[in-house]
Amino acid sequence: MLEIKNLHASVDGKEILKGINLTVNAGEVHSIMGPNGSGKSTLAQVLAGRDTYEVTEGSVTYKGQDLLDMEPDVRACEGVFLAFQYPVEIPGVSTSYFLKAALNSIRKHRGETELDAFDFLAYVKEKAKLVDIDETLLQRAINEGFSGGEKKRNEIFQMAVLAPSLAILDETDSGLDIDALKIVSGGVNAMRGPDRAMIVITHYQRLLDHIVPDFVHVLRDGRIVKSGGKDLALHLEEHGYAEIDVQSASVVTSS
Amino acid sequence: MTEATMVNVKGNKSSFAARFDRITKGGSDSGPSWLMPARQAAFARFTELGIPTTRDEEWRFTNVKRLGELVFDPNGAAPSTMSNDQLTPFDLDLPGGIKLVFVNGCFDASLSTVPALSTGVTVLPLVEAMATQGSLVEPHLTGCSPFEDEPFASLNTALMQDGAFVHVAKGTAIETPIELLFVSSSGGSPSAAYPRVLIVADQSSQLTVIESHVGVGDGVYFTNSVTDIVAGENAIVDHYKVTRETDDAIHIGAVRLHQLRSSNVSSHAVTIGGGLVRHNINTIMDGEGCTCNLNGLYSVDGMQQVDNHLVVDHAKPHCDSREYFKGVLDGHGKGIFSGRIIVREDAQKTDGKQTNMSLLLSDHAQVECKPQLEIFADDVKCTHGATIGQISEEALFYLRARGLSAEAARSLLVYAFARDGLAQIRVEPLRDQLSKLILAKLPHGDVLRETV
Ligand SMILES: Nc1ncnc2c1ncn2[C@@H]1O[C@H](COP(=O)(O)OP(=O)(O)O)[C@@H](O)[C@H]1O
Ligand SMILES: [Mg+2]
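Just so you know, the protein sequences line up as chains A and B, in that order.
Going by the numbering used here, the first residue of the first sequence is number 1, and it counts up by one from there.
Going by the numbering used here, the first residue of the second sequence is number 1, and it counts up by one from there.
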């Protein structure tokens with residue numbers, strides 16, 4: 001589904017991603033872990049099409065197409081979804097109406113009929129249950145005055161509504177209490193399926209107790225320095241990122 | 001005064017003076033004889049003040065020089081040939097509506113709807129009111145107004161012909177909004193209209209007035225309006241001034257609020273169309289415990305210019321004023337907000353708040369903002385805040401990352417900003433109509449219609 005090759009990206013001339021290689025197949029859940037500032041969000045934003053970041057080298061192929069060549073909205077219409085680490089507050093635009101416009105934009109792109117207000121409402125009610133989101137939140141302006149937890153839940157709710165093929169979750173677990181974490185994870189797990197791939201970015205191993213990944217990658221200073229199965233996360237939890245540094249350094253010297 | 005401005009003043013004087021001559025020589029449009037001294041004094045004052053130049057502090061950002069170059073027909077308005085169909089875009093379809101329509105400044109009975117009014121409510125064309133309700137109207141038209149020291153208000157007093165008189169007697173509340181629609185249709189040569197509106201709300205009365213200034217056709221014209229609102233003790237007045245003039249129009253209008261004890265007045269200025277629009281909005285809170293809400297939204301594009309010029313005078317203690325003005329600027333549009341709050345020595349416990357927000361959509365659009373606080377009392381709370389912003393790239397990206405096209409996302413954000421400026425409009429059909437007009441100006445407005 002997704003093939004990232006030697007991806008380099010920089011902002012204001014400063015290189016942040018320094019050659020990322022990653023292949024994600026349909027049905028897989030990949031977790032990306034790494035210390036603060038290692039470039040996790042940058043990778044997520046580059047995949048979603050944020051033009052603040054300049055891709056200087058490498059390629060990203062998504063469903064056989066050049067992802068980097070698509071506008072952000074085209075990527076969304078083609079099934080890419082990013083749950084933001086810091087969801088944006090947008091005063092004056094209600095979540096539910098905005099989502100209807102977004103969903104219909106995507107449906108139109110796929111050649112499907114647009115949902116009318118009635119059908120949309122029924123559809124949304126069902127998805128709201130999935131993440132146990134308070135329906136009154138949907139009538140409020142997007143993320144405005146939402147608590148941190150509400151914002152994260154709103155991201156997953158939007159993911160459920162838009163039903164993407166590739167979901168990138170950027171620290172969706174940060175700041176959630178254990179109850180909220182269980183609800184959010186439950187929503188994410190319910191969406192796992194053979195046609196859908198997920199990249200779950202997290203700073204904490206805790207999330208991976210609830211969303212069990214197929215692969216774990218460690219990102220450090222703009223590079224994936226280690227990849228493994230779900231046990232790698234447990235290992236990291238015990239030994240920290242520092243040890244990975246030593247290991248990867250030794251890999252470099254011995255090669 | 002330099003030579004150049006002398007020419008302007010003279011040029012104008014001749015055009016406006018010609019009209020003034022016709023009026024003073026008598027004839028059907030000169031109005032009652034009691035008005036004549038006031039007209040004469042006002043015209044003398046206008047002549048003295050002259051057409052302002054940009055060297056005048058109050059007109060620094062708004063150049064009205066063009067007025068000096070236009071030659072208006074001294075004969076006033078020709079009889080109306082306006083049809084109901086031409087007015088369809090301006091219909092609000094208010095149930096039980098009371099609507100006076102004026103074409104080029106003169107009342108048109110065939111286009112108006114005046115159902116039987118309940119006792120205590122008077123809605124009349126000004127010409128008729130001056131003839132039949134002289135004792136009620138005269139003091140407000142001829143009295144020495146504290147606002148008269150402004151050239152265009154003087155010009156209106158000198159040249160006014162028709163307009164509306166709305167009166168609600170003590171303790172009377174009228175729920176249905178009263179509509180006053182001023183339509184200008186200019187043919188070949190430039191025309192001018194001087195509508196005058198007088199709204200008098202007696203003690204503990206309540207009313208809503210929607211005053212619209214609109215244009216059809218594509219000739220150059222000048223609207224010089226004055227609206228006086230006298231809010232008696234404990235009266236509640238909700239006033240809307242909607243400006244939808246054409247791109248070739250110059251609109252210079254005053255809204256002057258005189259508030260007595262415990263009155264509560266809102267005046268909204270929504271400007272969607274007009275080449276050059278200047279609103280002089282003044283309020284005097286002349287009794288304790290008054291509340292005044294001045295709201296505004298304007299949207300400019302192309303070469304349009306809108307200037308909102310507010311003076312809020314806290315003359316007595318315990319009064320609250322709120323000013324909330326928003327502007328959306330595109331193309332080479334220009335917006336000006338000037339807000340002066342005066343707190344007199346007596347006016348302790350004043351609570352004044354002024355907010356001005358502008359959204360710039362183009363590199364060529366321009367905003368000027370001039371807040372002024374003049375505070376002579378010591379126990380007061382006065383704040384002002386101005387922001388000039390652009391579309392947030394972060395918000396834009398968030399919406400696009402969910403599948404909205406760049407244009408739709410942009411329009412949605414502009415619309416959200418503008419709609420907030422309409423939120424305080426209590427007449428729902430009006431709010432809806434204005435929302436749609438704002439949407440119609442945006443790309444993908446159709447997609448967003450349901451998003452509202
Ligand atoms: N828009 C930006 N402008 C400047 N520097 C940035 C920007 N975005 C990210 N960076 C820098 O890039 C590095 C990686 O940031 P980020 O991708 O947010 O890391 P992570 O999500 O792993 O914590 C950091 O040093 C950060 O300061
Ligand atoms: Mg991050």
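Possibly wrong hints are sitting among the right ones.
Distance condition first, Cα-Cα at most 27 Å in a straight line; then the derived BS3-like pairs of lysine-lysine [said to hold, decoys possible]:
1) A:Lys-129 <-> A:Lys-182
2) B:Lys-353 <-> A:Lys-108
3) A:Lys-108 <-> A:Lys-127
4) B:Lys-381 <-> B:Lys-370
5) B:Lys-370 <-> B:Lys-349
6) A:Lys-108 <-> B:Lys-349
Simulated from the structure, these hints should not be mistaken for laboratory data.
Only a predicted model underlies this, so the values are computations on that prediction, with no experimental measurement involved.
To see whether the hints hold, each was checked on the structure:
A distance of roughly 14 Å separates the Cα atoms of Lys-129 of chain A and Lys-182 of chain A; the hinted pair therefore holds under the 27 Å criterion. With a C-alpha separation of about 46 Å, the suggested pairing of Lys-353 of chain B with Lys-108 of chain A is violated against the 27 Å cut-off. Of the pairs offered as hints, the one joining Lys-108 of chain A and Lys-127 of chain A holds, with about 20 Å between alpha carbons and a cut-off of 27 Å not exceeded. Restraint check: the Cα-Cα separation between Lys-381 of chain B and Lys-370 of chain B comes to about 19 Å, which is no more than 27 Å; the hinted pair holds.
Restraint check for Lys-370 of chain B and Lys-349 of chain B: the C-alpha separation of about 24 Å stays at or below 27 Å, so the hint holds. About 58 Å separates the Cα atoms of Lys-108 of chain A and Lys-349 of chain B, which puts this hinted pair outside 27 Å; it is violated.
The structure fails to meet hints 2 and 6 from the earlier list, while all remaining hints are met.
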